[in-house]
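Chain order of the listed sequences is A and B. Just so we're aligned: the first sequence equals residues 1 to 113 in my numbering. Just so we're aligned: the second sequence equals residues 1 to 113 in my numbering.
Any given hint might turn out to be false.
The list cannot tell twin chains apart, which means a pair is met if one copy fits it or any two copies do.
No farther apart than 30 Å at their CA atoms in a straight line, the calculated lysine-lysine pairs in the DSBU-like style are these [stated by the list, open to error]:
id, residue 1, residue 2
1, Lys61, Lys25
2, Lys27, Lys71
3, Lys39, Lys110
4, Lys110, Lys72
5, Lys98, Lys39
6, Lys61, Lys110
7, Lys110, Lys71
8, Lys72, Lys25
9, Lys27, Lys110
Quick caveat, the hints were computed from the structure, so don't treat them as lab data.
Protein chains: 2
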Amino acid sequence: MKMREQAITEKICPLEFAVNAISGKWKIPIIWRINEGEKRPSEMLRGIVSVDRRVLNQQLKELEEDGILIKKSFPVLPPRVEYTLTPLGEKLVEVLWKLNAWGELLLQEKTRI
Amino acid sequence: MKMREQAITEKICPLEFAVNAISGKWKIPIIWRINEGEKRPSEMLRGIVSVDRRVLNQQLKELEEDGILIKKSFPVLPPRVEYTLTPLGEKLVEVLWKLNAWGELLLQEKTRI
């Protein structure tokens, strides 16, 4: 029984870790947009309605710290910053597509009731 | 541009819907345990440390309303209740395995720093 408990715990742990990393406000739209080729925060601000610059920067910082995004600063005036997905971030996008497909099933279920 | 906006919105929507459905406190451990064959709330209470009965029942209710779990009540004394995964719930478990695998990569990245 104890080993089974441990096995369950170990299985839950990376999963919860993963969910925590993506459940912050705006993180999924941000990852999605960068995947679509929108590299600059100013582009994201135009796209994601009702997010302010401070919140966006905080989310970008957390995603960078988690190794999902890479930040590239260009020494130009005005300063220019671009974000791209790391290989880890690209793998996340693949999983998000699967979760998106499941979300479609969930939506169908919900609208049927 | 407008159609692209719409396409992005539609892509985000089921995904965010999916993340919302699983990001409630204890939902993932609950789904995981039911998948492991723990059908009764009393078993879950023994397994999931620091969750109280009221919170557990609320989460089970939401998962049932989302069509992820089926509740079965047995007309016996003392009353007996069992939860199982619906086909939608089983599909979710498949995606969670993939998210779990990504979480392992994320953990490796984190512990390497």
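Against the structure, the hints:
In this homomeric assembly, Lys61 and Lys25 come within 30 Å of each other (Cα to Cα) both inside a single copy, at 13 Å, and across copies, at 25 Å. For the homomeric pair Lys27 and Lys71, the shortest alpha-carbon distance inside one copy (15 Å) is at most 30 Å, but the shortest distance between copies (33 Å) is not. When the C-alpha separation of Lys39 and Lys110 is checked against a cutoff of 30 Å, the pair qualifies only between copies, where the shortest distance is 24 Å, while the shortest distance within a copy is 34 Å. Within a single copy, Lys110 and Lys72 get their C-alpha atoms only as close as 42 Å, which misses the 30 Å cut-off; across copies the closest is 20 Å, which meets it.
With identical chains, the CA atoms of Lys98 and Lys39 are at most 30 Å apart both within one copy (23 Å) and between copies (27 Å). For the identical chains of this complex, Lys61 and Lys110 are inter-copy neighbours only, at 15 Å across copies versus 35 Å inside a copy, given an alpha-carbon limit of 30 Å. For the identical chains of this complex, Lys110 and Lys71 are inter-copy neighbours only, at 17 Å across copies versus 39 Å inside a copy, given an alpha-carbon limit of 30 Å. For the identical chains of this complex, Lys72 and Lys25 are intra-copy neighbours only, at 23 Å inside a copy versus 35 Å across copies, given an alpha-carbon limit of 30 Å.
Taking the shortest alpha-carbon separations for Lys27 and Lys110, both the intra-copy value of 24 Å and the inter-copy value of 18 Å come in at or below 30 Å.
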